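Q: As you go down the protein sequences, you meet chains A and B in turn. Counting in our numbering, the first sequence runs from 1 upward without gaps. Counting in our numbering, the second sequence runs from 495 upward without gaps.
One or more hints might be untrue.
To be verified - Derived, one-sided and incomplete: chain A residues facing chain B with beta-carbon distance under 10 Å:
#1 424
#2 429
#3 434
#4 436
#5 441
#6 462
#7 465
#8 468
#9 469
Please keep in mind that the hints were generated in silico from the structure rather than gathered at the bench. From a predicted model like this one, the values you see are computed outputs, not experimental measurements. Backbone N, C-alpha and C define an ideal beta-carbon position, used for all residues, glycine too.
Listed below are the residues making up each chain.
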Amino acid sequence: MVFNSLEFLIFFPIVLILYRILPLKIRWVMLLITSYYFYMGWQADLLYLILFTTLVSYVCARKIEASVTKRARKIYLVIALVASLSVLFFFKYFNFLSENVTGLLELMGFGVSEFTLNLILPVGISFYTFQTLSYVIDVYRGMIKAEKHFGYYALYVSYFPQLVAGPIERPENLLPQLKRKNPFTAYDTAVGLKMMAVGFFKKVAVADQISKYVDGVYNNLDKTTPGLINGFTITVATVLFAVQIYCDFSGYTDIAIGCARVMGIKLMQNFDNPYSATSIKDFWRRWHISLTSWFTDYLYIPLGGSRCSKVKHYRNILIVFFISGVWHGAAWTFILWGTMHGIYQIVGNITAKYRVMLWDKLGVSQQNPILVIAKKIGTFALVCIAWMAFRANSLRDLGFLYKQLFTGWSGVSITESMKALDMSVMALMTVVFSVFVINLLDKQINLRIDELHLDSGLSVPRANAYITVCWTVCVAWLILLASNAASSFIYFQF
Amino acid sequence: MELVIFSNTFALIAMGVTLFLYLLSAVISVMQTVAEANNCGDGSRMLISVLKNVSGVLCIISQLVMFGVFFYIGASSQELLFALMVCTALSLVISAPRKEKK
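Using the sequences and the hints given, assemble the complete structure.
A: What follows is the structure in structure tokens.
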């Protein structure tokens, strides 16, 4: 079941009513059943994978806690890691690895027939696997106690708002909240509903409206007249993709956080205005925060982090971003995207000292607003260049896109290029306004919402703002339904 | 592509009235900020608050009328979406919450 479907609009109020009327003792049963039902909306036959991962991690964590020797603890940790990662590897990476090994053997002159399995990628497998891993590792490290109640643990893994695309929650944050009474408060409900409205706005009124222009370029590189795919077209399509993927993913997160908040549960923040970052390092502090912090805690720091030689530090950065790319998808384009971000960070680290020296020599303060804006634009440009790898359908396409981006600027006609994008002036203006609206919404409804004076007294203009947001969502939804263009969330495939 | 909303008199009037009311709301919003900064009396604050809410209600009504006109004259879905985006942006600017003073 996707958030942007009619089924969810019926499902969520029913869950909410049951959540409020059922006694605390049996609330978890209802939430667990409804969470599994939510997941079964996509792939009922793959529910056993969640059950398997949940059971293995639950049992291993209990065993780790009960074990006296370090060796026994380690063995159970390895069992949990191997079991969870094997499932992830098999369903997500087996065919990719098989295709590449076959291709390599063919290159070396061995006649091997291709061996791939007809596997369906289970929705959200990377998310719930990482969530179970963080639980087992935390129990192993002695940071948390193993959960005794299997039902609550199963609910922690499969709690429906964040089951398929995060935020990747930590046990110390989510588990206690699932056990709490979470009484109804008008404030939590209002904040939750507002966040859901913002999420739907980002997804339905922006991301889905933009996707057709991006797809028009990225999916038709062979079909479109070659002259029309020039540097300008690719630049516009890539900037639009940057907006699309942000609105798609942060829209999902806003809906997820909003759903949970209506139930009185606070999920972790996943985005913090990423495109206002002044460096790539800063970008990763703002983009997919739950994944970045996961990699920091469970991979980067265990590898040695930055408290080692420079070479090892750079190696650690590269490993983390390489694996981040692999995590996103079984394709070389994703791996390249992750590696590019790793290289950006390493180059950024190496040149940081010299850049500061340069600005000092020129007498420009680091807080100079023009410099800050230049840094933001530069960071956004680098992020967009990497997004091209993320969005490209193949390495071949990516090569063509990069070639055109850097060389395809001679004789560019903006009018002709806009035709290739199939974008009217009105559509372009709508996108520009929607970016402005999202910026305002993010400022108002970010998790810093608790600091804001949101419900002080009656304010019709404030109510009007959210009525208009909801109205825009309805109209945009109708447009999508009429053109049969409503789509799932991009991050569901990971 | 011909833009219906910019070539129809009724649509232009509806847009003009809506924009004027949003402008009025913005002015009242600024007045409220100034009144709070200068520690004006409760009477003035209440009056401004009432004016703000009244102008907000008028904005909602004029917006509804405007979209009714758009539907009536057969504006395209893209035009409707554009007008909605503009209204959302304006309403968000006017209703931007302020940080609570601690």
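Q: If a hint holds in the structure, say so; if it does not, say that too.
A: Against the structure, the hints:
no., hint, result
1, 424, "holds, 6 Å"
2, 429, "holds, 6 Å"
3, 434, "holds, 5 Å"
4, 436, "holds, 5 Å"
5, 441, "holds, 7 Å"
6, 462, "holds, 4 Å"
7, 465, "holds, 4 Å"
8, 468, "holds, 5 Å"
9, 469, "holds, 6 Å"
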